[in-house]
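**Student:** Residues per chain are reported as follows:
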Amino acid sequence: MYKVAVIGDRDSIFGFAALGLDVYFADTAKEALTVFKEITDGRYTVIYITEMLASQLTDDIEKFSLQPSPAIIFIPGVKGNTGQGIEQVKKSVEKAVGSDIIFNN
Amino acid sequence: MASAQINPTRMELTRLKKKLATAVRGHKLLKDKRDELMRRFLDMARLNRALREKVEKAIKAANNNFVLASTSMTPQALSTALLASKQEVYLDVAYNNVMSVDIPVYSVRTRTPDESDIYSYGLAFTSSDLDDAVASLSSVLPDMLKLAEIEKSCQLLSAEIEKTRRRVNALEHVMIPETREKIRYITMKLDENERATQTRLMKVKEMVLKKAHGY
Numbered sequence: 001m002y003k004v005a006v007i008g009d010r011d012s013i014f015g016f017a018a019l020g021l022d023v024y025f026a027d028t029a030k031e032a033l034t035v036f037k038e039i040t041d042g043r044y045t046v047i048y049i050t051e052m053l054a055s056q057l058t059d060d061i062e063k064f065s066l067q068p069s070p071a072i073i074f075i076p077g078v079k080g081n082t083g084q085g086i087e088q089v090k091k092s093v094e095k096a097v098g099s100d101i102i103f104n105n
Numbered sequence: 001m002a003s004a005q006i007n008p009t010r011m012e013l014t015r016l017k018k019k020l021a022t023a024v025r026g027h028k029l030l031k032d033k034r035d036e037l038m039r040r041f042l043d044m045a046r047l048n049r050a051l052r053e054k055v056e057k058a059i060k061a062a063n064n065n066f067v068l069a070s071t072s073m074t075p076q077a078l079s080t081a082l083l084a085s086k087q088e089v090y091l092d093v094a095y096n097n098v099m100s101v102d103i104p105v106y107s108v109r110t111r112t113p114d115e116s117d118i119y120s121y122g123l124a125f126t127s128s129d130l131d132d133a134v135a136s137l138s139s140v141l142p143d144m145l146k147l148a149e150i151e152k153s154c155q156l157l158s159a160e161i162e163k164t165r166r167r168v169n170a171l172e173h174v175m176i177p178e179t180r181e182k183i184r185y186i187t188m189k190l191d192e193n194e195r196a197t198q199t200r201l202m203k204v205k206e207m208v209l210k211k212a213h214g215y
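In the order they appear, the protein sequences are chains A and B. Per our numbering, residue 1 is the first one in the first sequence, and the count goes up by one each step. Per our numbering, residue 1 is the first one in the second sequence, and the count goes up by one each step.
Extracted from the complex, chain A is given alone in its bound form:
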């Protein structure tokens, strides 16, 4: 039995606390990294992270992309959206197909 975690700045994610997800507040990349390392210990199988923080932790997130758990999913926050979430989907299509055939239409 696993739980679901959310990492992000306070304004973006505190609503998720009401839904019963575990929220971890982080405003800077450094804080986010500490939190991220702490919670990727197998307790959580789905971790949502705001795009703003995710763009600063790319390498650490990349490490988990080949493991079946946890799934690290980017969500838009209140500010600092980079469009990285959709970028991630494009990337996996490109990796598999060789070129992006899903999005360029």
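No lab work stands behind these hints: they were computed from the structure. Note that beta-carbon positions come from the ideal geometry of N, C-alpha and C, so glycine has one too. Heads up, a few of these hints could be off.
Stated by the list, open to error - According to the in silico footprint, chain B covers these stretches of chain A (three or more CB under 8 Å from chain B):
| hint | stretch |
| --- | --- |
| 1 | 1-7 |
| 2 | 10-16 |
| 3 | 38-49 |
| 4 | 64-75 |
| 5 | 87-99 |
Claimed, not checked - These stretches of chain B come out as covered by chain A in the derived footprint (C-beta under 8 Å, 3 or more residues):
| hint | stretch |
| --- | --- |
| 6 | 87-96 |
| 7 | 157-169 |
Said to hold, decoys possible - One-sided excerpt, in silico: chain A residues whose CB lies under 10 Å from chain B:
| hint | residue |
| --- | --- |
| 8 | Leu19 |
| 9 | Gly20 |
| 10 | Leu21 |
| 11 | Asp59 |
| 12 | Val78 |
| 13 | Asn81 |
Using the hints, position chain B against chain A.
**Tutor:** Relative to the frame of chain A, chain B by itself:
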């Protein structure tokens, strides 16, 4: 291409032929695997895109609602209202094996039986905007979890496709041609040896006949 190290012997030839047969069969199987993975992946990637667009839109809308709610309440009141939640979400993970890739399937359980039991606060000190905000976020949650499942599956599948494609290419363009070349080299060498023996025997026969009969 055929390197000088290979022994042009019959034993080596049999070994290489067996190796070629295995390689060709493996190539065919891997190619089938790649095609099937690709088919599934493309379906999933389309779904992934649609879900992501939907979820992002919904989260942005919910965020707007929260901003609205926070204007009419103090931050402290907001925090107390939301952070002491009585709902908890648990996930059970099963793995579905698709062409040797384990893709996750989540089943959601909540602590309180009523899934809409999300208002962790009394109504007295909070604005109705907050109710709307929480409700809008709550309605995205199933899609968010679905998105997590699909997106993770897509990542895992794409990695496997890349790996399989490399193997197929390595077999198709390196392993199989090389083995064919080696087989050709050995066959030619053996034929050559046989012709050499043939001529030698003919020559010997001629010499023996000449000695015996004098012609």
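**Student:** All hints are to be evaluated individually against the structure, with a verdict given for each.
**Tutor:** Each hint, compared with the structure:
1. 1-7: That given contact holds, which follows from 4 residues of the stretch 1-7 of chain A lying within Cβ reach (below 8 Å) of chain B.
2. 10-16: holds (count 5)
3. 38-49: Satisfied; 3 residues make the cut.
4. 64-75: holds (count 7)
5. 87-99: holds (count 7)
6. 87-96: holds (count 8)
7. 157-169: holds (count 5)
8. Leu19: holds, 6 Å
9. Gly20: holds, 4 Å
10. Leu21: holds, 6 Å
11. Asp59: violated, 16 Å
12. Val78: For Val78 (chain A), the interface hint holds, since the closest Cβ of chain B sits about 5 Å away, which is under 10 Å.
13. Asn81: holds, 8 Å
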